[in-house]
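Protein chains: 2
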Amino acid sequence: MIKIGIVGYGNLGKGVEAAVWNNSDMKLVAVFTRRDPSSLKIKTPDAKALSYYDIEKYKDEIDVIINCGGSATDLPETTPYIAQYFNVIDSFDTHARIPEHFANVNSNAKAANKTAIISVGWDPGMFSVNRLYMNAILPNGKDYTFWGKGVSQGHSDAIRRIEGVIDAKQYTVPVEKAMAAVRNGESPDFTTREKHTRECYVVVEDGADKARIENEIKTMPNYFADYDTTVNFISMEEFKANHSGIPHGGNVIRNGFTGFDKTTKHTIEYSLKLESNPEFTGSVIASYARAAYKLNASGDFGCKTVFDIAPSMLIDADGDYIRAHLL
Amino acid sequence: MIKIGIVGYGNLGKGVEAAVWNNSDMKLVAVFTRRDPSSLKIKTPDAKALSYYDIEKYKDEIDVIINCGGSATDLPETTPYIAQYFNVIDSFDTHARIPEHFANVNSNAKAANKTAIISVGWDPGMFSVNRLYMNAILPNGKDYTFWGKGVSQGHSDAIRRIEGVIDAKQYTVPVEKAMAAVRNGESPDFTTREKHTRECYVVVEDGADKARIENEIKTMPNYFADYDTTVNFISMEEFKANHSGIPHGGNVIRNGFTGFDKTTKHTIEYSLKLESNPEFTGSVIASYARAAYKLNASGDFGCKTVFDIAPSMLIDADGDYIRAHLL
Numbered sequence: 412m413i414k415i416g417i418v419g420y421g422n423l424g425k426g427v428e429a430a431v432w433n434n435s436d437m438k439l440v441a442v443f444t445r446r447d448p449s450s451l452k453i454k455t456p457d458a459k460a461l462s463y464y465d466i467e468k469y470k471d472e473i474d475v476i477i478n479c480g481g482s483a484t485d486l487p488e489t490t491p492y493i494a495q496y497f498n499v500i501d502s503f504d505t506h507a508r509i510p511e512h513f514a515n516v517n518s519n520a521k522a523a524n525k526t527a528i529i530s531v532g533w534d535p536g537m538f539s540v541n542r543l544y545m546n547a548i549l550p551n552g553k554d555y556t557f558w559g560k561g562v563s564q565g566h567s568d569a570i571r572r573i574e575g576v577i578d579a580k581q582y583t584v585p586v587e588k589a590m591a592a593v594r595n596g597e598s599p600d601f602t603t604r605e606k607h608t609r610e611c612y613v614v615v616e617d618g619a620d621k622a623r624i625e626n627e628i629k630t631m632p633n634y635f636a637d638y639d640t641t642v643n644f645i646s647m648e649e650f651k652a653n654h655s656g657i658p659h660g661g662n663v664i665r666n667g668f669t670g671f672d673k674t675t676k677h678t679i680e681y682s683l684k685l686e687s688n689p690e691f692t693g694s695v696i697a698s699y700a701r702a703a704y705k706l707n708a709s710g711d712f713g714c715k716t717v718f719d720i721a722p723s724m725l726i727d728a729d730g731d732y733i734r735a736h737l738l
Numbered sequence: 412m413i414k415i416g417i418v419g420y421g422n423l424g425k426g427v428e429a430a431v432w433n434n435s436d437m438k439l440v441a442v443f444t445r446r447d448p449s450s451l452k453i454k455t456p457d458a459k460a461l462s463y464y465d466i467e468k469y470k471d472e473i474d475v476i477i478n479c480g481g482s483a484t485d486l487p488e489t490t491p492y493i494a495q496y497f498n499v500i501d502s503f504d505t506h507a508r509i510p511e512h513f514a515n516v517n518s519n520a521k522a523a524n525k526t527a528i529i530s531v532g533w534d535p536g537m538f539s540v541n542r543l544y545m546n547a548i549l550p551n552g553k554d555y556t557f558w559g560k561g562v563s564q565g566h567s568d569a570i571r572r573i574e575g576v577i578d579a580k581q582y583t584v585p586v587e588k589a590m591a592a593v594r595n596g597e598s599p600d601f602t603t604r605e606k607h608t609r610e611c612y613v614v615v616e617d618g619a620d621k622a623r624i625e626n627e628i629k630t631m632p633n634y635f636a637d638y639d640t641t642v643n644f645i646s647m648e649e650f651k652a653n654h655s656g657i658p659h660g661g662n663v664i665r666n667g668f669t670g671f672d673k674t675t676k677h678t679i680e681y682s683l684k685l686e687s688n689p690e691f692t693g694s695v696i697a698s699y700a701r702a703a704y705k706l707n708a709s710g711d712f713g714c715k716t717v718f719d720i721a722p723s724m725l726i727d728a729d730g731d732y733i734r735a736h737l738l
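Read top to bottom, the protein sequences are chains Y and F.
This note's numbering applies: residue 412 is where the first sequence begins, and numbers increase by one.
This note's numbering applies: residue 412 is where the second sequence begins, and numbers increase by one.
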């Protein structure tokens with residue numbers, strides 16, 4: 412049994428917990444939190460709630476730590492720290508800072524003979540792996556990533572910060588016409604507006620100025636101004652009934668050309684349709700925790716990304732089995 | 412430059428040649444044939460046509476041999492032989508014999524400090540890799556592979572062997588209704604007939620008995636009897652105009668369930684739409700030839716499959732680049 416520890420018990424931490432529960436070769440030992448551990452109600456029988464500040468005391472009791480903190484401030488600090496004591500996985504997704512984060516985690520993991528895998532999930536993660544396979548196979552081509560239909564937590568948060576808003580959910584929606592063009596083998600240059608629209612469902616206080624709120628949303632720089640945005644004001648009842656889930660998904664599509672004259676066309680597409688973003692992300696992460704465990708056992712130390720991990724490392728089955736059943 | 416040799420100059424050999432041409436870090440050195448080498452018209456400038464029976468003389472001039480022989484009789488004999496002298500890739504696809512072939516190639520490659528990768532292409536190959544990722548991420552679920560619309564060489568050959576047939580092309584076509592059900596998250600058990608249909612385009616001799624030929628096709632055991640098959644008799648002109656290509660493609664779809672009660676549904680789909688099966692297969696193989704070269708340089712010897720190869724090995728770019736651009 413691979414002994415797993417989780418740091419952080421938000422949506423992602425709970426998604427990872429469910430994934431560990433569904434993998435028969437893994438066992439959740441503890442959840443570490445910076446809050447009061449006694450405030451956590453952990454679903455897994457026998458798993459402990461412990462203080463994050465004591466984590467290094469458990470270095471001989473846990474094989475892999477799954478760090479479910481936030482990319483903005485938590486992970487750049489905590490993953491390198493944890494890598495001094497444990498094999499560790501995170502889902503770091505601040506793209507511009509990946510080289511720096513990789514270097515920090517790599518030096519600590521190498522010094523401690525630990526194995527770390529950063530930026531695991533579906534984007535970055537499975538979408539990245541697919542972009543790499545597609546680019547390696549079809550070097551002459553162009554790829555596109557579409558996101559959605561799905562909930563953007565960041566955009567939903569941005570709406571909730573507007574005065575008069577009680578709750579809000581924002582769905583990123585790919586433009587069907589754009590996806591159809593790419594699937595049809597065309598390789599256009601899209602503007603931001605041509606690729607995705609944004610649909611907002613907003614619950615406001617009694618008597619709130621809806622026109623002002625709608626305008627504040629639609630003109631918000633970076634988040635909404637570059638998109639065609641629709642704003643729907645709904646009741647709390649409707650919000651709870653129809654918008655309580657966290658679905659997501661998306662598509663990576665590459666058109667490439669082969670042949671001596673580069674005129675033979677091929678289209679590769681990878682798509683995800685997810686009822687729960689954190690449960691799926693947690694499931695991806697659990698399989699990479701297995702890989703970190705196996706790699707560490709084989710003496711392969713330091714920081715990795717999904718690009719460095721052979722598919723066989725991810726599954727609870729040996730080479731004979733996978734060659735017979737999946738090849 | 413990675414120096415490539417190709418064994419066999421049929422459709423696949425030519426597809427590999429075009430792929431090597433389109434990869435700037437590779438160079439085709441020679442094509443080896445069991446026919447008279449002077450009969451080959453090789454497209455790549457400066458590449459030599461040589462006798463397969465002399466291949467071991469070139470062991471210091473070529474980095475990776477791509478073996479484009481047939482699975483039925485060629486590859487089981489030639490890949491283990493070649494692995495004594497070269498890093499080697501093949502596209503062995505006789506599923507039941509993979510364990511035996513793997514063992515034979517593995518022992519010879521290990522003894523010679525060479526790296527071999529067998530069963531490379533799209534199925535087995537990219538479809539297999541995707542089945543593995545899907546199964547690792549969503550262990551509770553069920554996956555489906557659909558093939559087509561595309562040309563089955565084996566079925567086309569079977570029709571051509573019927574008396575009175577001049578030429579024929581058989582397309583395997585997935586049943587849209589079955590794919591739609593799976594994409595919709597259902598996990599049915601399909602019969603063979605429910606998943607694919609077979610469309611045949613047949614050119615016959617003047618005065619041939621079409622009713623007999625159609626009946627022989629539709630009742631042919633293993634090839635057609637278990638499918639809904641349509642037979643279209645066409646002229647040689649129409650055959651050449653509309654059925655001269657070798658397109659193919661297909662989809663791997665897995666529905667899986669997460670959460671403590673396994674009720675949250677996710678669908679992962681990987682699909683290919685290929686104008687030329689041999690050019691795409693050749694492109695996949697070229698990227699794995701690069702991996703064999705890199706792995707051999709790092710001292711990783713023996714036989715591998717696509718499951719054992721980290722994605723980063725496939726691309727002509729280093730870790731810093733792929734983390735910055737594809738993650």
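Keep in mind that the hints are not guaranteed to be accurate.
Chain copies aren't distinguished; within one or between two, either way the pair holds.
[What the hints assert, rightly or not] Restricting the straight-line Cα-Cα distance to at most 25 Å, the calculated cross-link-like pairs of lysine-lysine (DSS-like) are:
no., residue 1, residue 2
1, K414, K588
2, K629, K676
3, K553, K459
4, K414, K629
5, K560, K588
6, K676, K454
7, K521, K606
8, K606, K414
9, K560, K606
10, K452, K606
11, K651, K470
12, K452, K629
13, K521, K414
14, K621, K452
15, K651, K452
16, K629, K588
17, K468, K651
18, K459, K673
19, K629, K454
20, K521, K676
21, K588, K705
22, K606, K468
23, K705, K676
24, K454, K673
25, K705, K452
26, K651, K606
Quick caveat, the hints were computed from the structure, so don't treat them as lab data.
Each hint tested on the structure:
1. K414 to K588: Classified as neither; 47 Å inside a copy, 44 Å across copies.
2. K629 to K676: Intra 39 Å, inter 32 Å, cutoff 25 Å: neither.
3. K553 to K459: For K553 and K459, the Cα distance exceeds 25 Å both inside one copy (48 Å) and across copies (33 Å).
4. K414 to K629: neither (47 Å within a copy, 56 Å between copies)
5. K560 to K588: both (14 Å within a copy, 23 Å between copies)
6. K676 to K454: between (50 Å within a copy, 20 Å between copies)
7. K521 to K606: For K521 and K606, the Cα distance exceeds 25 Å both inside one copy (41 Å) and across copies (50 Å).
8. K606 to K414: neither (42 Å within a copy, 42 Å between copies)
9. K560 to K606: Within. Shortest intra-copy distance 12 Å satisfies the 25 Å Cα cut-off; inter-copy 28 Å does not.
10. K452 to K606: neither (41 Å within a copy, 46 Å between copies)
11. K651 to K470: neither (42 Å within a copy, 69 Å between copies)
12. K452 to K629: neither (39 Å within a copy, 63 Å between copies)
13. K521 to K414: For K521 and K414, the Cα distance is within 25 Å only inside one copy (21 Å; across copies 35 Å).
14. K621 to K452: Answer is neither: 38 Å inside a copy and 74 Å across each miss the 25 Å cutoff.
15. K651 to K452: within (23 Å within a copy, 69 Å between copies)
16. K629 to K588: within (22 Å within a copy, 40 Å between copies)
17. K468 to K651: neither (42 Å within a copy, 74 Å between copies)
18. K459 to K673: Answer is between; shortest inter-copy Cα gap is 23 Å, intra-copy 58 Å.
19. K629 to K454: neither (40 Å within a copy, 57 Å between copies)
20. K521 to K676: Answer is neither; intra-copy 44 Å and inter-copy 38 Å both fail.
21. K588 to K705: neither (44 Å within a copy, 41 Å between copies)
22. K606 to K468: The answer is neither: 49 Å in one copy and 55 Å across copies each exceed 25 Å.
23. K705 to K676: Classified as neither; 39 Å inside a copy, 28 Å across copies.
24. K454 to K673: between (55 Å within a copy, 14 Å between copies)
25. K705 to K452: neither (31 Å within a copy, 49 Å between copies)
26. K651 to K606: For K651 and K606, neither the intra-copy (29 Å) nor the inter-copy (40 Å) Cα distance is at most 25 Å.
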